[in-house]
Amino acid sequence: MKEVRTLEDLVVRDREHECEGVGPMKVCVRVIAVAELPTRFGRFRIVAFWNNRDEKEHVALVRGDVIGAENVPTRLHSECLTGDAIGSLRCDCRDQLESALEKLGNEPRGLLLYLRQEGRGIGLVNKIRAYALQDKGLDTVEANLALGFRDDERDYAIAAHMISSLNVRSVELMTNNPRKMGALTQHGVKVVRRLPHVIPPNGHNRFYLETKRDRSGHWIDFEGKPHLLEQSDPVVVDGMGEPN
Amino acid sequence: MQEVVIIGAGVAGLSLARALAASGIESLVLDKSRGVGGRAATRRVEGQPVDHGVAFLHGSHPEFLAALDAVDATPLEGWPLRVRGEGRPCQPRAFRKGERRLAFEEGVTAFPKSLARGLDVRRGVRVASLAARRDGVGAVLEDGESVVARNLVLALPLEQALRLLEPLASESGAIRPIASLLSMMTTEPCLTLLAGYPLDATATGEPEWDLFYPSDESVSMLVAHDSSKRREKKWRVLVYQCRSCFSRRHLEADPEVWIPLVLSDASRLFGDWAGRPLWRVPHRWRYSRTDSANTLARPFWLTLENGARIGIGGEVFSPGGGVEGAFLSGLRLAERVVE
Numbered sequence: 584m585k586e587v588r589t590l591e592d593l594v595v596r597d598r599e600h601e602c603e604g605v606g607p608m609k610v611c612v613r614v615i616a617v618a619e620l621p622t623r624f625g626r627f628r629i630v631a632f633w634n635n636r637d638e639k640e641h642v643a644l645v646r647g648d649v650i651g652a653e654n655v656p657t658r659l660h661s662e663c664l665t666g667d668a669i670g671s672l673r674c675d676c677r678d679q680l681e682s683a684l685e686k687l688g689n690e691p692r693g694l695l696l697y698l699r700q701e702g703r704g705i706g707l708v709n710k711i712r713a714y715a716l717q718d719k720g721l722d723t724v725e726a727n728l729a730l731g732f733r734d735d736e737r738d739y740a741i742a743a744h745m746i747s748s749l750n751v752r753s754v755e756l757m758t759n760n761p762r763k764m765g766a767l768t769q770h771g772v773k774v775v776r777r778l779p780h781v782i783p784p785n786g787h788n789r790f791y792l793e794t795k796r797d798r799s800g801h802w803i804d805f806e807g808k809p810h811l812l813e814q815s816d817p818v819v820v821d822g823m824g825e826p827n
Numbered sequence: 010m011q012e013v014v015i016i017g018a019g020v021a022g023l024s025l026a027r028a029l030a031a032s033g034i035e036s037l038v039l040d041k042s043r044g045v046g047g048r049a050a051t052r053r054v055e056g057q058p059v060d061h062g063v064a065f066l067h068g069s070h071p072e073f074l075a076a077l078d079a080v081d082a083t084p085l086e087g088w089p090l091r092v093r094g095e096g097r098p099c100q101p102r103a104f105r106k107g108e109r110r111l112a113f114e115e116g117v118t119a120f121p122k123s124l125a126r127g128l129d130v131r132r133g134v135r136v137a138s139l140a141a142r143r144d145g146v147g148a149v150l151e152d153g154e155s156v157v158a159r160n161l162v163l164a165l166p167l168e169q170a171l172r173l174l175e176p177l178a179s180e181s182g183a184i185r186p187i188a189s190l191l192s193m194m195t196t197e198p199c200l201t202l203l204a205g206y207p208l209d210a211t212a213t214g215e216p217e218w219d220l221f222y223p224s225d226e227s228v229s230m231l232v233a234h235d236s237s238k239r240r241e242k243k244w245r246v247l248v249y250q251c252r253s254c255f256s257r258r259h260l261e262a263d264p265e266v267w268i269p270l271v272l273s274d275a276s277r278l279f280g281d282w283a284g285r286p287l288w289r290v291p292h293r294w295r296y297s298r299t300d301s302a303n304t305l306a307r308p309f310w311l312t313l314e315n316g317a318r319i320g321i322g323g324e325v326f327s328p329g330g331g332v333e334g335a336f337l338s339g340l341r342l343a344e345r346v347v348e
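From first to last, the protein sequence lines are chains S and D. Just so we're aligned, residue 584 is where the first sequence starts under our numbering, counting upward by one. Just so we're aligned, residue 10 is where the second sequence starts under our numbering, counting upward by one.
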C-alpha cells in the first residue's frame with residue numbers, strides 16, 4: 584500500500600480496514616469520505632466515518648495537516664440538535680461548539696470530532712422528555728439515567744479510534760475535565776496536555792457568572808430553566824474560574 | 010414480610026426472579042393470569058399450539074441466548090425463514106445481521122415456562138393496589154389479602170405499573186418524577202385474530218411464507234403463518250396482528266365488528282380463501298408493544314422514604330425493547346437488588 588499523505592489516502596487505506604475494535608463495545612471505524620468545508624470559522628476539511636456498531640455517521644472537522652502531526656489541539660463535541668442547529672438556550676452546546684471552532688480556526692492545525700450521539704446518547708425524544716420533567720421541576724438523577732444519560736466511555740472509545748484513523752500522533756485535549764485525558768489515553772491516544780475550554784461570556788450564558796447551581800447540580804438560567812450537562816464537559820465561562 | 014415480591018410473571022419478572030435465585034435470594038412472583046409469560050403467549054386450539062402474542066424470539070445478548078439454549082423444547086432456528094411483504098417490521102432489529110431468531114415447536118411459551126421452573130410463582134392473583142407500610146410496601150390483592158415486601162418490583166406493561174404507582178406518587182418524592190416520566194410514554198394495543206383453515210393446499214393455496222408484513226394496508230401489520238412452526242398439525246393457522254390505530258379504534262368494540270374487516274383485508278392480501286377460515290379466535294392485547302422511541306435506558310430502582318425499595322422493569326426499560334429487552338431489564342434489576 585502506498586504511503587498515506589492525504590486524507591483521501593485514508594479513504595483508500597480504510598477500504599480494507601477491519602480491526603478488533605476499541606473499548607468494551609469493540610467499536611471499529613473507517614474513513615469513508617473527505618471534502619473541503621469552508622466555514623465562518625475558517626477553512627476546514629470534513630471527514631465522514633462509518634462504524635461497525637450503529638447507523639450513526641460521525642464526522643471530524645480537520646484544520647490544516649494533521650496526518651502524522653504531534654500536539655494537535657482536539658475537541659470532542661456531542662451532537663445537540665436543539666443547541667447546535669436551532670440555537671436553544673436550554674444548553675450551552677452552541678457556545679461550546681462555536682468557541683471550539685473559532686479557536687481551531689485560528690490554529691495552523693486542529694481537530695474537532697463531532698459525535699452523533701444526541702444529548703450524550705439520550706436520543707432526541709428522550710432529551711425532550713428530560714426537558715419536560717425539568718419544566719415540571721421533577722428531574723432527578725434516577726430519571727435522567729433511565730432516559731439514557733450515561734458516562735462517556737463509549738464516546739471516548741469511538742473518538743480514540745477516529746483520532747488514530749486520522750494518523751494523528753498526539754493531541755492536546757480541549758476540555759475542562761482532566762479525567763477525560765485518561766479516558767482517551769486508556770484507548771491508546773497520546774494526550775500531551777489539556778487546553779482549558781473557556782468560552783467567552785455573552786448575553787445568553789452570563790448567568791454562569793452570577794447564579795449558583797440548584798439542588799440537583801444544574802445551573803439555572805435567567806429564564807428559570809435548568810441546564811442539563813449535554814456535553815461531557817462542565818461549562819467554563821471566562822471569568823467564572825475553573826471547577827474543582 | 011417477604012424480602013422480594015415481583016408483580017408480573019412475564020419474561021421480565023421471571024428473568025429477575027431467576028437471576029435472584031442464582032444469587033441465593035428468594036422471591037415471590039404474582040401474576041393475574043393462569044399461565045406465565047405475559048405476552049410471550051401460546052394457546053392450544055384442539056391440541057395445536059398457536060402463538061397469539063409474540064410470534065418469534067430474537068436477540069444477540071449472550072445471556073439471553075444462553076437462556077434460550079436452556080429451554081427444554083424443540084427450537085426452530087431461524088424462524089421466520091421466509092419473510093415477505095414490504096411493510097416495516099415492528100422490531101427491525103430482528104432482521105439485522107448477527108441477530109439470532111427462533112421459535113419453538115411447542116410454542117414460544119416454552120421460554121417463559123423454562124424460566125419459571127423452580128420459582129415460587131402464584132398465578133391467578135391480581136394486585137388491586139399498593140400501599141406504603143411501616144417498613145415495606147404492601148400489595149393488596151383483589152381478595153383483600155395483603156402481601157408486604159421489603160422490595161417490590163413491578164414487571165408489568167407501563168400503564169399497569171403506573172396505575173399501581175400513582176397512589177404512592179402523591180406521598181413519595183422518589184416516585185413522583187418517575188410516575189410523571191412514565192405517563193409521557195405509551196404501550197400500543199394490538200387486536201389479534203387467530204384463524205384456522207383446512208390443511209389441504211388446494212383449498213388454501215399454500216402460503217409460501219412464515220411471516221408477512223403488509224405494506225400500505227391499514228388493518229394488519231403482521232401476519233404469522235403459525236402452523237409453519239408445527240410438525241404435527243390439524244389446521245393451517247394464520248395469526249393476524251392489527252395495526253395500533255386500527256386496534257385503538259376498535260379496542261372496546263365487540264370483536265364481530267372488527268373481525269370481518271381483518272378477514273376482508275386478508276382475502277385482498279392472500280386470496281379469497283384467507284377470508285373464509287373454518288374457525289377464528291379473537292384476542293385483545295390492551296398493552297402489546299412499545300416502539301424504540303418509547304424505550305428507556307434501564308429499569309428503575311427507587312428508595313421510598315421508609316427505606317423500602319420499588320423496582321420497575323419490563324421491555325420498556327431496556328433499549329430496543331422486545332422479549333430480549335424484557336429479559337435484560339430483569340437481569341439489570343437483579344444486579345441492583347443484589348447490591
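Any given hint could turn out to be false.
[Stated by the list, open to error] DEER-style ranges, computed between Cβ atoms:
1) S:Lys609 to D:Arg293: 42 to 48 angstroms
2) S:Arg777 to D:Val92: 30 to 36 angstroms
3) S:Glu638 to D:Pro71: 30 to 36 angstroms
[Said to hold, decoys possible] Straight-line distance between alpha carbons at most 25 angstroms, and here's what the computed PhoX-like set of lysine-lysine pairs gives:
4) S:Lys639 to S:Lys609
5) S:Lys719 to S:Lys808
6) S:Lys808 to S:Lys609
7) D:Lys106 to S:Lys639
8) S:Lys609 to S:Lys686
9) S:Lys609 to D:Lys106
In case anyone wonders, no lab produced these hints; they're calculated from the structure. Virtual Cβ for every residue (Gly too), placed ideally from N, Cα, C.
Checked hints:
1. S:Lys609 to D:Arg293: 42 to 48 angstroms: The hinted range 42 to 48 angstroms holds for lysine 609 (chain S) and arginine 293 (chain D), with Cβ atoms some 43 angstroms apart.
2. S:Arg777 to D:Val92: 30 to 36 angstroms: violated, 52 angstroms
3. S:Glu638 to D:Pro71: 30 to 36 angstroms: violated, 23 angstroms
4. S:Lys639 to S:Lys609: holds, 15 angstroms
5. S:Lys719 to S:Lys808: Between lysine 719 (chain S) and lysine 808 (chain S) the Cα gap is close to 10 angstroms, so the pair holds against 25 angstroms.
6. S:Lys808 to S:Lys609: violated, 38 angstroms
7. D:Lys106 to S:Lys639: holds, 17 angstroms
8. S:Lys609 to S:Lys686: This hinted pair is violated, its Cα atoms lying about 32 angstroms apart.
9. S:Lys609 to D:Lys106: Given pair lysine 609 (chain S), lysine 106 (chain D) holds - Cα atoms ~16 angstroms apart, limit 25 angstroms.
Of the hints listed earlier, those the structure fails to meet are numbers 2, 3, 6, 8, in rising order.
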